[in-house]
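Novice: If you want the building blocks of each chain, they are given just below.
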Amino acid sequence: MTFWAQAVEIARVDLRVERRLGDVLRVVLPFAVVGLLVFPFALGVDLSAISLIGPAVFWAVGILFGMQVALRQAAHDNRERRDLYALLGVDPAARFVGRTISGSVLMVGFLVVLLAAMIVLYSPLLPQGWPVPVIVGLCLTAVGLTELGTLAGEVTAGLRNRTALASLIIVPLALPLVIGGSQTLESLARDTGILPWLLLLVATDLALAVAGVAMARSLEEASR
Amino acid sequence: MLSPDDTSLVGSNTILEAAGASLSGRSILRGLDVEISPGQVLGVAGPNGAGKTTLIRLLATLISPDQGSGLVLGARLGSPDVYDVRRFIGLMSHTPAVIAELTIRENLEHAARLRGEDLKRIDTALRVVGLAGAAATRGDACSFGMLRRTEAARLLITRPRLLLLDEAFSGLDVDAQELIDALIERTIEQDGAVVMVSHDQAHLVDRAARVMTLSAGRLETVT
Amino acid sequence: MNRVRILLATAGIAVLTGLWFAFTSPVDRLQGEFSRILNLHAPFMWVAFLAFGVTAFASIMWLIRRTSRWDRLAVSSVELGVVFTATGLFTGMVWGQAVWGRAWDWADPRMASTAVMFFVYIGYLALRRAIPDPEMRAKRSALLGAIAVIQVPLVYFSVNLFRSLHQTQSIRPDGATMPDEMLTALLVNFVAITFLYFALLVGRLHLARLEEASAAETARDPDAVTPPRLSEVKDV
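Chains as they are written, first to last, in the working numbering: chain R, 1 to 224; chain G, 1 to 223; chain Z, 1 to 236.
Any given hint could turn out to be false.
[As the list claims (entries may be wrong)] DEER-style ranges, computed between Cβ atoms:
id, chain 1, residue 1, chain 2, residue 2, range
1, Z, Ser-68, G, Arg-26, 47 to 55 angstroms
2, G, Ala-18, R, Arg-26, 34 to 42 angstroms
3, Z, Gly-32, R, Val-112, 30 to 38 angstroms
4, Z, Glu-211, R, Leu-125, 47 to 55 angstroms
5, G, Gly-78, R, Val-120, 54 to 62 angstroms
6, R, Arg-20, Z, Trp-100, 54 to 62 angstroms
7, G, Arg-76, R, Val-112, 44 to 52 angstroms
8, G, Gly-116, Z, Met-136, 53 to 61 angstroms
9, Z, Arg-209, R, Val-202, 53 to 61 angstroms
[As the list claims (entries may be wrong)] If you only want the chain Z side, here are some residues facing chain R, beta carbon under 7 angstroms, derived:
id, residue
10, Ala-103
11, Trp-104
12, Ala-115
13, Phe-119
14, Ile-122
15, Ala-126
16, Arg-128
17, Phe-190
What the hints contain is simulated information worked out from the structure, not anything from laboratory work.
As the structure is a prediction and not an experimental result, all values here were calculated from the model.
For every residue, glycine included, the Cβ atom is placed at its ideal position computed from N, Cα and C.
If we strip away everything but chain R, and leave its shape as in the complex, we get (with noise of 0.2 angstroms):
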């Protein structure tokens, strides 16, 4: 089977298993919308502050959670999984090329749920022409937070504590798409060019990529 055969039907069975897990949808997403509701309580019911600050506070839940999503594969490997696969003649690189691509499907999907549960709570002031540049960024975002989920969940594979210690990889990490997804929002309201953040995005997405295809074989061995 070549790579790119072998990544599609790594995806394509991680679809599967989250479609019967229901992972993301039954219970990231709800929570994520819970952490949308919780941020007003704590500022109390200025309403002008919160359409404001919606944009803000849904990058930042939208990282936060953003994560479970990013781990959840990892939170489902076992070392057995690991050596099926590796005893398969599965490239360690198309095995992280395809987790990036399921992830990246339910990453874009839950990214932009939240996004519709801030525009109806949070009512935020949007500039002309918002949804398309705005939804670009957003999958930019979402697939280069998989990438780092998938990377992250490869580095703290096996140890104690593992979910924890891979967010905090993550979140620092995730700086870069944080800022290209909420500055491409706020250049259209300034109307000052959106093109610098998309770049951006795609330059740290396509590092991601570069860097988690290049390290497979060697985060694989690392993982034993």
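Place chains G and Z on chain R using the hints.
Specialist: Chains G and Z in isolation, oriented as in the chain R frame:
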């Protein structure tokens, strides 16, 4: 990259020379000299903590030696060559490797697709291992015996040249044990090699031409 | 099954009757046609509270009696409660957007606490899905169901306890504050939606009994695993 049916590997020995391996900074295996030729069944006995599982994982190329050297199916351990031969190695480890959220049939389809095997062989494999009526059962609803049979079906499909069994017979009924015996027999008939690990030496003597005994990471006797 | 069909059909007729009343009753002078939405919003929210109350009762009964029918009642009522809460929130947001100019109002503590209640029971359902063992699932759900009902009176009385934009209860013991025709439409819908809840609950309980029976049958199937065919090993 070797093709799935590359027969140049048939006849390649598996050799460990003064090999040692560590885990988490602890030395588990030391100074092992082992040679396994095609058509042979090698048994490895020893008490808990002797290093039997580490030896199996070393032979499976899943870990590299930190002392000595080794060749598995012609690929040097610790080199990128192992990625070419892993597909010819079959492993039944202590815990069955079955994806819990997929059904038995889906597990086999997934493995067959990744290997580029003919999906039609799955029905035959299920019938042979006695799981044709349970193919729609999810992995997390299977008994231990059913999981082992699923692994056996997968190994029938993938036809390994080197079959590694780590306590594979433990906890199984007579039917399932006979199935694994048949798997061993087929591997030998196809000029493969088998290494089986068990704490039950008598069990190994019945099945293996040679039996090693491991103790504290060292080879003590060969019978 | 016939009983369930009859109940559901009757509930359907009741709901249609309620809708007829809702669309033919007079409208509020300030809110206009949008006031009709309240004929659905208020009953859905009342039934949601009722459903979660039933869950709490069934959960406590399970903890006392440990029989599966109380667990079936608890989860069936939660499922309906979640749907009714979502519908109530949605109709409330539609009304809010039309009348207040915003779908969501953080100044209204009842809206936010209702949303929180919704997610508490989403968590209940997620907890159940995560536990394969029926006995453990029933026990942990019963504990959570009994505790979670604390939300229900908090939501209802928040209108009187906190400053709120939301109108205070229109139906009070000393007499309602709306014209008789509007009150009639509202009460008919209260009855109809409550009847709908009971009909759906009966149907869902019937389904739950069938699911349990089917699971038991599958678990007892002795023919699923057969002896291996060793002579055919070479054919694979």
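Novice: Indicate, hint by hint, whether the structure satisfies it.
Specialist: Evaluated hints:
About 50 angstroms separates the C-beta atoms of Ser-68 (chain Z) and Arg-26 (chain G), a value consistent with the hinted range of 47 to 55 angstroms. For Ala-18 (chain G) and Arg-26 (chain R), the hinted distance range of 34 to 42 angstroms is not satisfied, since their beta carbons lie about 54 angstroms from each other. Against the hinted window of 30 to 38 angstroms, the Cβ-Cβ separation of Gly-32 (chain Z) and Val-112 (chain R) comes to about 34 angstroms, which satisfies the hint. Range check, Glu-211 (chain Z) to Leu-125 (chain R): about 48 angstroms between beta-carbon atoms, so the 47 to 55 angstroms window is met.
A C-beta distance of roughly 56 angstroms is found between Gly-78 (chain G) and Val-120 (chain R), which places it inside the suggested range of 54 to 62 angstroms. In this structure the hint that Arg-20 (chain R) and Trp-100 (chain Z) lie 54 to 62 angstroms apart at CB is violated, the actual value being about 42 angstroms. A C-beta distance of roughly 49 angstroms is found between Arg-76 (chain G) and Val-112 (chain R), which places it inside the suggested range of 44 to 52 angstroms. In this structure the hint that Gly-116 (chain G) and Met-136 (chain Z) lie 53 to 61 angstroms apart at CB is violated, the actual value being about 42 angstroms.
For the hinted restraint 53 to 61 angstroms between Arg-209 (chain Z) and Val-202 (chain R), the CB-CB distance of approximately 55 angstroms keeps it satisfied. This hint holds: Ala-103 (chain Z) has a C-beta 6 angstroms from the nearest C-beta of chain R, less than the 7 angstroms allowed. Checking Trp-104 (chain Z) against chain R: minimum C-beta separation of about 5 angstroms stays under 7 angstroms; hint holds. With its C-beta approaching chain R no nearer than about 6 angstroms, Ala-115 (chain Z) sits inside the 7 angstroms limit, and its interface hint holds.
For Phe-119 (chain Z), the shortest C-beta to C-beta distance to chain R is roughly 5 angstroms, which falls under 7 angstroms, so the interface hint holds. Evaluation of the Ile-122 (chain Z) hint against chain R yields a held restraint, the C-beta minimum of about 5 angstroms falling below 7 angstroms. The beta carbon of Ala-126 (chain Z) is positioned within 7 angstroms of a beta carbon in chain R (closest approach about 5 angstroms), and the interface hint is therefore held. At a threshold of 7 angstroms, the smallest CB-CB gap from Arg-128 (chain Z) to chain R is about 10 angstroms, leaving the interface hint violated.
Taking 7 angstroms as the C-beta contact cut-off toward chain R, the hint placing Phe-190 (chain Z) at the interface is violated, the least distance being around 27 angstroms.
In the structure shown, a violation is registered for the earlier hints numbered 2, 6, 8, 16, 17, in ascending order.
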